[in-house]
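*Asks:* Using the working numbering, you'd call the opening residue of the sequence shown number 224 and step up by one each time.
In case anyone wonders, no lab produced these hints; they're calculated from the structure.
Each residue gets a CB set at the ideal place from its N, CA and C atoms; glycine is no exception.
A few of these clues could be false.
To be verified - Cross-link-like lysine-lysine pairs, in silico, DSS-like; alpha carbons within 27 Å at most:
id, residue 1, residue 2
1, K252, K385
2, K252, K386
3, K256, K385
4, K256, K386
Said to hold, decoys possible - Computed beta-carbon distance windows for the label pairs:
id, residue 1, residue 2, range
5, M224, A460, 35 to 43 Å
6, V472, G388, 38 to 46 Å
7, E283, E417, 16 to 24 Å
8, W227, R310, 36 to 44 Å
9, G286, K256, 40 to 48 Å
10, P225, A440, 34 to 42 Å
11, D279, W251, 18 to 26 Å
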Amino acid sequence: MPMWLQALMWGTLAGGALVLGAGVAWIWKVPAKIVSTVMAFGAGVLISALAFELVDEAVEGGGLLPTILGFLLGAVIFVGSNVLLARAGAKHRKRSGGTQPSEKDSPGSGTAIAVGALIDGIPESVVLGVGLLAGGAVSPAMLAAVFISNVPEGLSSTAGMKKAGRSPAYVFGTWTGIALFSGLAALLGYTALENAPESVIAFITAIAAGGILAMLADTMIPEAFEEHHNLTGLTAAVGFLSAFTIHHVGG
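My request is simple: use the sequences and hints to build the entire structure.
*Replies:* Written out as structure tokens, the structure reads:
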């Protein structure tokens, strides 16, 4: 199978986990503590993946300076975008409680939520494509991390959308569209950087890593601790160790 097609396939598969999570939340009323638990696990998985799959490998491949600059730029881009989206009604797009506004309460918030969810997923998808450049195959740890974290993201956001009165067409249209865009982002990550210097690849990878960490702090972690219970921190630690184990076994 051509490498570009693999990038498209793996990116779409990882994004499809959002649709899976959305389907679960739409059919069943998932208890808030379970939502926060799976979100905590997903946050731990992504933290491990960005540390060992992205930042560490970016430094090894392209050097410390491109990695630092890219990481900071990625965080700034995400935070800036998130501030603008929050003002448009997408601040609580990953929250499962009744904090998401309805279109009636905040006109245009539906579009802002969809754009915000897309921005959340782009960095993760790009690095799947970029990862193919280095190893000739998708990273099992990164793929698992993105897929595992996307399930609770789709679950939590959909629970909030449902409570805000969003229609099934909006909810599943949003997640299906983002899954397709995730595939295209992975494809772009592979094709655009196929002949790029290692320092440029490290810079782009670090941008994605910085964006992912900022996304975790701004959106996933608050939801993970929304329904706080004694095992939340342990759940995040188990998620971290799961991705770390996959990284070493797969690597």
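*Asks:* Indicate, hint by hint, whether the structure satisfies it.
*Replies:* Evaluation of the provided hints:
no., hint, result
1, K252 to K385, "holds, 10 Å"
2, K252 to K386, "holds, 11 Å"
3, K256 to K385, "holds, 17 Å"
4, K256 to K386, "holds, 17 Å"
5, M224 to A460: 35 to 43 Å, "holds, 37 Å"
6, V472 to G388: 38 to 46 Å, "holds, 44 Å"
7, E283 to E417: 16 to 24 Å, "holds, 20 Å"
8, W227 to R310: 36 to 44 Å, "holds, 38 Å"
9, G286 to K256: 40 to 48 Å, "holds, 44 Å"
10, P225 to A440: 34 to 42 Å, "holds, 37 Å"
11, D279 to W251: 18 to 26 Å, "violated, 38 Å"
When held up to the earlier numbered hints, the structure conflicts with hint 11 and nothing else.
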